[in-house]
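From just these sequences and the hints, can you work out the full model?
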Amino acid sequence: MPLLLFLFLCVQAHAQSDDLPDAVRQIIEDVAARAEDEDPDLAALYDFYEALLEHPLNLNSATAEELAGLQPLTDFQIQSLLEYRKNYGQLYSIHELPLIHGFNEQLAAQLAPFVTATPADKKAPERFSNYFTRGKHQVMLRTAHTIETRKGYGQTEEETSHYLGFPWSLYMRYRYKYKNSLQWGLTATNGAGEPFFSGVNRYGFDFYSAHLMLQDAGIMKRLVVGDYQVQFGQGLVVWGGFATRKSADAMAVKKQERGFTAHSGSDENRFFRGIATTIALKQWDFSTFVSYKFIDATRDSIGFKTLQTSGAHNTATTVAGKHGLPEFVTGGNITHKWERLKIGCTGLWHSYGAENNRDLKNYSRFELSEKQNANIGFDFYAFLNKVAAFGEIAAGSNGKAAGLLGLQFDLSNDFRVSTLYRHYDKAYQAVYARGFGENSKTANEQGWYVGLQWVPYRKLTVSAFADIYSFPWMKYNVDAPSSGWEYTLRAAFQATSETLFSFQVKRSSKEGNNSAANSATKQIAGTNATSLRGNIRYELLPGLRMEDRLELTFIDGANSESGLLLFHDLNYKHRTWPVKLSTRIAVFDSDSWASRFYAYESDVLSAFSIPAYYSKGARWFLNMQCSFWKRIDLWFRIAQTHYFDKTSIGSGINTIEGSRQTDVKVQLRIQL
Numbered sequence: 001m002p003l004l005l006f007l008f009l010c011v012q013a014h015a016q017s018d019d020l021p022d023a024v025r026q027i028i029e030d031v032a033a034r035a036e037d038e039d040p041d042l043a044a045l046y047d048f049y050e051a052l053l054e055h056p057l058n059l060n061s062a063t064a065e066e067l068a069g070l071q072p073l074t075d076f077q078i079q080s081l082l083e084y085r086k087n088y089g090q091l092y093s094i095h096e097l098p099l100i101h102g103f104n105e106q107l108a109a110q111l112a113p114f115v116t117a118t119p120a121d122k123k124a125p126e127r128f129s130n131y132f133t134r135g136k137h138q139v140m141l142r143t144a145h146t147i148e149t150r151k152g153y154g155q156t157e158e159e160t161s162h163y164l165g166f167p168w169s170l171y172m173r174y175r176y177k178y179k180n181s182l183q184w185g186l187t188a189t190n191g192a193g194e195p196f197f198s199g200v201n202r203y204g205f206d207f208y209s210a211h212l213m214l215q216d217a218g219i220m221k222r223l224v225v226g227d228y229q230v231q232f233g234q235g236l237v238v239w240g241g242f243a244t245r246k247s248a249d250a251m252a253v254k255k256q257e258r259g260f261t262a263h264s265g266s267d268e269n270r271f272f273r274g275i276a277t278t279i280a281l282k283q284w285d286f287s288t289f290v291s292y293k294f295i296d297a298t299r300d301s302i303g304f305k306t307l308q309t310s311g312a313h314n315t316a317t318t319v320a321g322k323h324g325l326p327e328f329v330t331g332g333n334i335t336h337k338w339e340r341l342k343i344g345c346t347g348l349w350h351s352y353g354a355e356n357n358r359d360l361k362n363y364s365r366f367e368l369s370e371k372q373n374a375n376i377g378f379d380f381y382a383f384l385n386k387v388a389a390f391g392e393i394a395a396g397s398n399g400k401a402a403g404l405l406g407l408q409f410d411l412s413n414d415f416r417v418s419t420l421y422r423h424y425d426k427a428y429q430a431v432y433a434r435g436f437g438e439n440s441k442t443a444n445e446q447g448w449y450v451g452l453q454w455v456p457y458r459k460l461t462v463s464a465f466a467d468i469y470s471f472p473w474m475k476y477n478v479d480a481p482s483s484g485w486e487y488t489l490r491a492a493f494q495a496t497s498e499t500l501f502s503f504q505v506k507r508s509s510k511e512g513n514n515s516a517a518n519s520a521t522k523q524i525a526g527t528n529a530t531s532l533r534g535n536i537r538y539e540l541l542p543g544l545r546m547e548d549r550l551e552l553t554f555i556d557g558a559n560s561e562s563g564l565l566l567f568h569d570l571n572y573k574h575r576t577w578p579v580k581l582s583t584r585i586a587v588f589d590s591d592s593w594a595s596r597f598y599a600y601e602s603d604v605l606s607a608f609s610i611p612a613y614y615s616k617g618a619r620w621f622l623n624m625q626c627s628f629w630k631r632i633d634l635w636f637r638i639a640q641t642h643y644f645d646k647t648s649i650g651s652g653i654n655t656i657e658g659s660r661q662t663d664v665k666v667q668l669r670i671q672l
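For the sequence shown, position 568 (counting from the first letter as 1) is numbered 568 according to my numbering, and the numbering increases by one without interruption.
Calculated directly from the structure, the hints in this document are not laboratory data. Idealized CB from N, CA, C, for every residue including glycine. Take these hints with a grain of salt, some might be off.
[To be verified] Simulated crosslink set (PhoX-like; lysine-lysine; CA at most 25 Å straight-line): (1) Lys386 - Lys337; (2) Lys305 - Lys361; (3) Lys441 - Lys506.
[Said to hold, decoys possible] Beta-carbon label-pair distances, calculated as ranges: (4) Ser509 - Ser397: 29 to 39 Å; (5) Phe415 - Leu212: 42 to 52 Å; (6) Leu186 - Phe636: 17 to 27 Å; (7) Ser509 - Leu223: 46 to 56 Å; (8) Tyr421 - Glu370: 36 to 46 Å; (9) Val139 - Lys386: 47 to 57 Å; (10) Asp300 - Ser161: 17 to 27 Å; (11) Trp338 - Leu223: 20 to 30 Å; (12) Ser470 - Phe501: 16 to 26 Å; (13) Tyr208 - Ser161: 25 to 35 Å; (14) Tyr421 - Phe294: 49 to 59 Å.
Here you go:
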């Protein structure tokens with residue numbers, strides 16, 4: 001009864017969808033599965049698609065640079081769309097997309113929520129007052145909490161380790177935006193266990209971020225003041241925010257640089273704070289930036305000992321390193337663009353405000369050990385007939401280099417091939433680099449990637465890739481040079497606009513320390529893994545969408561094991577009531593963390609959930625959105641994992657006594 005009353009209070013307005021294109025969801029799942037030592041920053045990606053939901057990209061007026069931001073689109077498809085507009089005029093509807101060379105019904109269905117095809121009129125000059133009077137204000141408040149008590153909250157201050165704050169995480173964001181021309185905002189976050197208006201956070205939240213961004217103001221292509229991210233070239237010198245890696249989308253190997261963008265993510269260390277600007281003069285873009293901020297690090301009498309990248313400040317140990325190290329970064333980029341050719345040069349100089357006194361281990365002996373470092377890189381992109389070529393080569397202060405070269409072939413409307421070779425020296429040092437590869441660091445790797453995409457039938461897309469790589473030097477938990485390979489095949493059948501069948505098989509091999517070997521230096525042993533995934537998404541009734549997945553994994557090696565994941569999703573959106581519901585029931589059975597699974601979950605807007613399903617258990621979640629008066633949106637999410645083979649969850653002060661973990665999240669958005 002309370003729920004029915006709540007629903008009737010909602011007015012007649014349509015709730016916005018927070019769905020992402022299937023190709024993007026696949027990339028996110030694959031990135032999460034590979035990011036074992038980092039947390040993928042997805043906030044900027046969600047902000048991009050959130051903006052498109054409100055203001056879809058007009059296919060009749062969008063530039064190549066704007067189209068490149070749509071993750072499912074390849075360079076071939078972008079060029080094909082531009083040529084179609086040039087030869088046949090504007091599109092009458094997005095349903096015309098499958099008629100364009102390189103497009104099909106599956107891709108058109110993925111793009112449908114984010115694009116439109118309306119007459120493209122010449123833009124009238126903007127009145128300056130419009131920038132400040134006709135924009136949209138948005139306030140977002142979010143809190144999340146784990147209902148079960150973790151061990152660290154019950155310990156006293158006399159004990160050596162305990163959480164300093166209460167178990168709720170807090171998030172606050174204010175943003176003003178006028179079209180794509182002007183944006184400013186403030187973000188404040190406080191993680192679970194972090195002090196709030198007390199201790200080291202006596203001024204409130206643990207982390208504050210603010211920015212002002214102006215775009216397309218005369219020759220000033222972009223100006224960002226405050227916190228921002230930098231993306232140039234192929235990421236061998238600098239790349240901030242979300243970075244694609246290998247995924248089931250075999251053609252998604254080329255990074256689409258965006259230059260400077262406002263930082264709106266949760267990463268409290270890997271961003272820039274200062275000023276950045278890009279000046280456009282005909283075919284030239286001149287970009288420069290300056291950043292100065294404090295990052296987390298532990299220090300001694302000589303300098304800093306370790307860098308802390310988690311951003312958590314909830315214990316005495318993590319608080320001791322909060323903002324312990326000044327960091328100064330400056331650099332720039334010069335790019336010259338022709339119709340089908342682009343060349344660019346990126347430079348960066350990086351300096352810590354204390355001596356580098358890190359205790360480097362044998363496997364990390366080639367990492368940066370100096371206080372300062374500089375990088376320079378040259379990148380290019382060329383498109384000729386049915387061939388696209390791209391690449392970058394970069395070097396650091398120590399003279400060591402990194403490079404990659406990629407080629408993509410549009411052999412026919414039905415068949416495309418991509419290939420990429422990368423060679424990153426074991427001693428290449430670039431703190432903010434994030435190039436394509438198996439490693440999270442852009443160093444100590446060489447490899448060859450080949451991918452293909454085949455559309456034998458307008459509703460069927462087949463993608464496959466093979467990647468063979470090696471690491472010339474040791475890695476963490478790998479006490480010798482090692483190698484590996486990975487093969488993936490995925491077939492997707494778009495039966496209707498709302499029905500998608502997909503099947504994926506992945507086979508991989510990695511080398512690591514042999515834990516069974518009895519020697520001072522671990523012996524290297526290979527581990528092979530096979531993963532099978534079947535997925536179906538369909539609309540049972542108007543507004544009622546289902547999704548089912550069955551995934552199996554098998555690992556062969558010193559310790560053979562297997563795993564199973566099965567889930568059923570239900571997504572409901574009422575035709576007239578501004579209500580949207582999403583829920584999942586999942587069961588999983590894996591022998592250990594090595595055979596875990598990752599699956600994208602529906603979450604509140606601008607947040608994400610990609611949990612690791614491991615051990616034996618079941619998980620469910622309910623996510624609900626309701627809109628009031630077209631200006632207020634309320635989300636409520638609850639998720640619970642029940643382990644069948646555990647009596648406690650986690651370790652140390654993070655331990656939960658019991659077999660269940662329940663997480664709740666509430667979010668409010670007000671738009672004016």
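Now the hints, each set against the structure:
1. Lys386 - Lys337: holds, 19 Å
2. Lys305 - Lys361: holds, 12 Å
3. Lys441 - Lys506: holds, 23 Å
4. Ser509 - Ser397: 29 to 39 Å: holds, 35 Å
5. Phe415 - Leu212: 42 to 52 Å: Holds: the Cβ-Cβ distance is about 46 Å, inside 42 to 52 Å.
6. Leu186 - Phe636: 17 to 27 Å: holds, 25 Å
7. Ser509 - Leu223: 46 to 56 Å: The hinted range 46 to 56 Å holds for Ser509 and Leu223, with Cβ atoms some 48 Å apart.
8. Tyr421 - Glu370: 36 to 46 Å: Since Tyr421 and Glu370 have Cβ atoms about 29 Å apart, the given range 36 to 46 Å is violated.
9. Val139 - Lys386: 47 to 57 Å: The hint (47 to 57 Å, Cβ to Cβ) holds, given that Val139 and Lys386 are roughly 49 Å apart.
10. Asp300 - Ser161: 17 to 27 Å: For Ser161 against Asp300, whose Cβ atoms are near 21 Å apart, the range 17 to 27 Å holds.
11. Trp338 - Leu223: 20 to 30 Å: holds, 25 Å
12. Ser470 - Phe501: 16 to 26 Å: About 36 Å separates the Cβ atoms of Ser470 and Phe501, which means 16 to 26 Å is violated.
13. Tyr208 - Ser161: 25 to 35 Å: holds, 27 Å
14. Tyr421 - Phe294: 49 to 59 Å: At 39 Å between Cβs, range violated.
In this structure, the hints that do not hold are numbers 8, 12 and 14, in rising order.
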